[in-house]
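What follows is the residue order along each chain.
Number of protein chains: 2
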Amino acid sequence: MDSRKPLGISVKKIEDFSEWYLQAVLKGELLDYGPVKGFIVLRPYGYRIWTILSEILDKILIATGHENGFLPLLIPEKILAKEKQHFSGFNPEVYWVTAAGNNPLSERLALRPTSEAIAYSTFSNWIKSYRDLPLKMNFWNSALRADIKGTKPLIRSSEFLWQEGHTVHENMDEAKSQSQEILEVYRKIIEEDLAIPCIAGYKSEKEKFVGAEETFTLEGIMSDGKALQMATSHNLGQNFSKTFGIKYLGRDNQEHFAWQTSWGLSWRLIGAVVMVHGDDRGIILPPRIAPIQIVIVPIFRDEDAHDVKRSAVEIGTILRSNKLRILVDDRDEYTSGWKFNEWELKGVPLRVNIGKRDIAKGELELVRRDTRERIYCKRDELMLRVPKILDEIQGNLLIQAKALLNGCISQANSLNALKSIIDSKGGFVMCGWCEDQECELRIKEATGADIRVIPFVGQDLSRFPTCVYCESKASRVAMFAQAY
Amino acid sequence: MDSRKPLGISVKKIEDFSEWYLQAVLKGELLDYGPVKGFIVLRPYGYRIWTILSEILDKILIATGHENGFLPLLIPEKILAKEKQHFSGFNPEVYWVTAAGNNPLSERLALRPTSEAIAYSTFSNWIKSYRDLPLKMNFWNSALRADIKGTKPLIRSSEFLWQEGHTVHENMDEAKSQSQEILEVYRKIIEEDLAIPCIAGYKSEKEKFVGAEETFTLEGIMSDGKALQMATSHNLGQNFSKTFGIKYLGRDNQEHFAWQTSWGLSWRLIGAVVMVHGDDRGIILPPRIAPIQIVIVPIFRDEDAHDVKRSAVEIGTILRSNKLRILVDDRDEYTSGWKFNEWELKGVPLRVNIGKRDIAKGELELVRRDTRERIYCKRDELMLRVPKILDEIQGNLLIQAKALLNGCISQANSLNALKSIIDSKGGFVMCGWCEDQECELRIKEATGADIRVIPFVGQDLSRFPTCVYCESKASRVAMFAQAY
Numbered sequence: 000m001d002s003r004k005p006l007g008i009s010v011k012k013i014e015d016f017s018e019w020y021l022q023a024v025l026k027g028e029l030l031d032y033g034p035v036k037g038f039i040v041l042r043p044y045g046y047r048i049w050t051i052l053s054e055i056l057d058k059i060l061i062a063t064g065h066e067n068g069f070l071p072l073l074i075p076e077k078i079l080a081k082e083k084q085h086f087s088g089f090n091p092e093v094y095w096v097t098a099a100g101n102n103p104l105s106e107r108l109a110l111r112p113t114s115e116a117i118a119y120s121t122f123s124n125w126i127k128s129y130r131d132l133p134l135k136m137n138f139w140n141s142a143l144r145a146d147i148k149g150t151k152p153l154i155r156s157s158e159f160l161w162q163e164g165h166t167v168h169e170n171m172d173e174a175k176s177q178s179q180e181i182l183e184v185y186r187k188i189i190e191e192d193l194a195i196p197c198i199a200g201y202k203s204e205k206e207k208f209v210g211a212e213e214t215f216t217l218e219g220i221m222s223d224g225k226a227l228q229m230a231t232s233h234n235l236g237q238n239f240s241k242t243f244g245i246k247y248l249g250r251d252n253q254e255h256f257a258w259q260t261s262w263g264l265s266w267r268l269i270g271a272v273v274m275v276h277g278d279d280r281g282i283i284l285p286p287r288i289a290p291i292q293i294v295i296v297p298i299f300r301d302e303d304a305h306d307v308k309r310s311a312v313e314i315g316t317i318l319r320s321n322k323l324r325i326l327v328d329d330r331d332e333y334t335s336g337w338k339f340n341e342w343e344l345k346g347v348p349l350r351v352n353i354g355k356r357d358i359a360k361g362e363l364e365l366v367r368r369d370t371r372e373r374i375y376c377k378r379d380e381l382m383l384r385v386p387k388i389l390d391e392i393q394g395n396l397l398i399q400a401k402a403l404l405n406g407c408i409s410q411a412n413s414l415n416a417l418k419s420i421i422d423s424k425g426g427f428v429m430c431g432w433c434e435d436q437e438c439e440l441r442i443k444e445a446t447g448a449d450i451r452v453i454p455f456v457g458q459d460l461s462r463f464p465t466c467v468y469c470e471s472k473a474s475r476v477a478m479f480a481q482a483y
Numbered sequence: 000m001d002s003r004k005p006l007g008i009s010v011k012k013i014e015d016f017s018e019w020y021l022q023a024v025l026k027g028e029l030l031d032y033g034p035v036k037g038f039i040v041l042r043p044y045g046y047r048i049w050t051i052l053s054e055i056l057d058k059i060l061i062a063t064g065h066e067n068g069f070l071p072l073l074i075p076e077k078i079l080a081k082e083k084q085h086f087s088g089f090n091p092e093v094y095w096v097t098a099a100g101n102n103p104l105s106e107r108l109a110l111r112p113t114s115e116a117i118a119y120s121t122f123s124n125w126i127k128s129y130r131d132l133p134l135k136m137n138f139w140n141s142a143l144r145a146d147i148k149g150t151k152p153l154i155r156s157s158e159f160l161w162q163e164g165h166t167v168h169e170n171m172d173e174a175k176s177q178s179q180e181i182l183e184v185y186r187k188i189i190e191e192d193l194a195i196p197c198i199a200g201y202k203s204e205k206e207k208f209v210g211a212e213e214t215f216t217l218e219g220i221m222s223d224g225k226a227l228q229m230a231t232s233h234n235l236g237q238n239f240s241k242t243f244g245i246k247y248l249g250r251d252n253q254e255h256f257a258w259q260t261s262w263g264l265s266w267r268l269i270g271a272v273v274m275v276h277g278d279d280r281g282i283i284l285p286p287r288i289a290p291i292q293i294v295i296v297p298i299f300r301d302e303d304a305h306d307v308k309r310s311a312v313e314i315g316t317i318l319r320s321n322k323l324r325i326l327v328d329d330r331d332e333y334t335s336g337w338k339f340n341e342w343e344l345k346g347v348p349l350r351v352n353i354g355k356r357d358i359a360k361g362e363l364e365l366v367r368r369d370t371r372e373r374i375y376c377k378r379d380e381l382m383l384r385v386p387k388i389l390d391e392i393q394g395n396l397l398i399q400a401k402a403l404l405n406g407c408i409s410q411a412n413s414l415n416a417l418k419s420i421i422d423s424k425g426g427f428v429m430c431g432w433c434e435d436q437e438c439e440l441r442i443k444e445a446t447g448a449d450i451r452v453i454p455f456v457g458q459d460l461s462r463f464p465t466c467v468y469c470e471s472k473a474s475r476v477a478m479f480a481q482a483y
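Sequences listed follow chains A and B, in order. According to numbering that gives the first Met the number 0, the first sequence is numbered sequentially starting from 0. According to numbering that gives the first Met the number 0, the second sequence is numbered sequentially starting from 0.
Please note: incorrect hints may appear among the correct ones.
Intra- or inter-copy, both count: the list cannot distinguish identical chains.
Unchecked claim - The calculated lysine-lysine pairs, modelled on DSSO-like cross-linking and capped at a C-alpha distance of 30 Å, are:
no. : residue 1 : residue 2
1   : K26       : K127
2   : K418      : K360
3   : K308      : K472
4   : K135      : K81
5   : K377      : K83
6   : K77       : K148
Hints in this document: simulated from the structure, not taken from any laboratory. Note that this is a predicted model, so its numbers are computed, not measured.
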């Protein structure tokens, strides 16, 4: 037993969720801290998850007519400041470059907190007529926002990897459809690939993206009952096109301001996967995004090492030919027990144990990470059964996450009831709301809970007739929660 | 004929190379200028070339045991300053972040000019024993260096996309082999995929990477006779491991400082492709890196539009099934002539013209971008002939680029001869050199030419017995050139 690395998480998920999360992402070798607070290094295992997730989304975006590009990191203050409302929203978080070498700059440059300003000042040169529309672009890059609340790796970092989509359209309907279609793309990936169900809906005026006409959001719930914004999509209307002069000659031979959308999804989702699916032993990765879907561990003594390892490699080759992501862990310097712990910590969905006796019997022992169930499988049935078992794991994780979400949705018809739920179990609380921002602010002060989402589904005002704060007539059902 | 966009380059490549290059990359829609001098936007067409190139290299790196990760953009000054020689090399080019929102930072942060400092301060936490070695990591990211010479899109930008590899090894031999193997990987890609031959060799002490033990380089020649550094690979020895404390417990149970390498290749190579292969009509892309390898242009009148377009789409489907990258340009709003010009400008290697008569004859007209040769091809021979024609184009571009390079290598045995070659035709000039840095500096002053490379091949001192400057005994053959 190699004792160099202290394997295993030393706290229980239910007892100290925050510490559990930090140990899971650090000991699971997804990431490491950078030298500046709020900045992280992605280690290969974490980066591969991001790569898999990016490739899933990129494929869909390309197939639906989006094109990738690259935008500069540095934005002159005068461009960022053009859209005043937008600028003031981001200003407290902006990092400023003020010098190059020993020379002060004549105008300070912002590190992009998001790229609307720089993208649209560029788009305005590209778009002349309706024939140039729609313009549907995507950028895989990073954004930087000095975090003013507490930081948490992946969930709240001062620098994060994401994609930001920016599209330009001829009319309002097309822009609105685009922003809703992208929300649905996000929802499907998050539910089907990450096995996390979300509540889809609108953001309130107060919570929407600065400069947007309307913001659509997907809100998830973490195991501690706190909400997490999973991804957002914005219908920008003509707000930015008027500021940045994105005009086109229409089919009617008249000049029009264009209609726009923007939308983004970040590495935060990897943090959500850890939070939602993990257990006291560490991370549990849904098979669809796991860099290693199956780890094969040969269990051997010196005298049978050669045969058992060869058999493990053979099985690896068979499974790999089925397009599965496989690792054969035949390292000599670690015991089997040590390896089991390591791969459980790192959340590999399925483990294949293979020893001398198994080879003789033509049988293999499979161990599911999610249920820790042992499954015995004939060697020649492997190709048939393994993909099904992976599907079952994927399905089971979603079922569990749905149970978590459903158990975290409550209802309240009074401020006291709302506050008591938030204080005790957390989660989402459905309430009637009069749409007055004053009530929203007062509720936040009283409970620490925001309006996370005005859900598309469940707008049944007969069940929530009055505003949970002012008790006047409600016009919307809103879901309140404390959030990351 | 649509006259909205002024198509075509208005100067000849041979007459005003610099202006020709700018028009080629801008009108060819590879890129656009950003709002800050020295910064560019990559448009979809340019970004796709970078993606194809990245994927070629990434595949090789993964297959040879490298892993990708992500490093923070911002580096605290104290970490960057740890390796003093390295720091002073980059200091004049470093962008500094000094504020976040309205708050000045307590320590200023550098935008990474390269990641040695931040990577190695992190690696020192990961590496404990020989079992953690070799560590072979790669990072696809951007770097920022305020350009102090003139800027040129892709070739010299203040921000650029690249990959930077960083490896850690148990001994000197392994590190040296690694840095040489990577140079060979780069050389093969540049020659075989980009169709640009290079001179491989060492940098001089003066020109090597700051902090490196030795720098290996690939130097190309552009059509104007100026050299371009295509990619470099550095054997770092123990210089950085001693500074950043990267120590490991060896197989001998003793603690050792590790041996390291770093190496990088950037989007500059896209600029080199344009410079080397382009002609007065615009860009010419080697098929292996062309986002569109074949454009199919249906030539039709209103009455036969439907049939001809359908036929074009069918041919597109056939070729696409052969894993070729195809575009069917069946836009109604542009004439065929306009389309021919556009795709020639953008450098698509092969065009298929298809009209009503061609359909009747079961024949297609193919037009090579490199030679503008017309080739008639039976429709049922398409699958057989097209891949061969693409290979011929790839091969022909390399032959032409080799002829360019060979025509740009001269020899000189006196400063006057060297100066006269540099002033007249440019290119590389092979000279004897005594390895005294003083001579190197004086030659630069007198001719504007640096030592670009001390070539691996051609170290025949009998042909260059004396230093071209001081006329004492030469110990190396060096290649001098003016460079970008």
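Structure-based check of each hint:
Taking the shortest Cα distances, K26 and K127 sit within 30 Å of each other only across copies (15 Å), while inside one copy they are farther apart (53 Å). Taking CA atoms no more than 30 Å apart as the test, K418 paired with K360 passes in neither setting, with 61 Å inside one copy and 80 Å between copies. Taking identical chains as interchangeable, the C-alpha atoms of K308 and K472 are never at most 30 Å apart, the minima being 71 Å within one chain and 60 Å between chains. In this assembly of identical chains, K135 and K81 lie within 30 Å of each other by CA distance solely inside one copy; the values are 23 Å within and 45 Å between copies.
Within a single copy, K377 and K83 get their C-alpha atoms no closer than 66 Å, and across copies no closer than 62 Å, so neither meets the 30 Å cut-off. Proximity of K77 and K148 under a CA criterion of 30 Å is satisfied in both settings, with 27 Å inside one chain copy and 25 Å between copies.
Hint compliance for this structure: hints 2, 3 and 5 are broken, all remaining hints hold.
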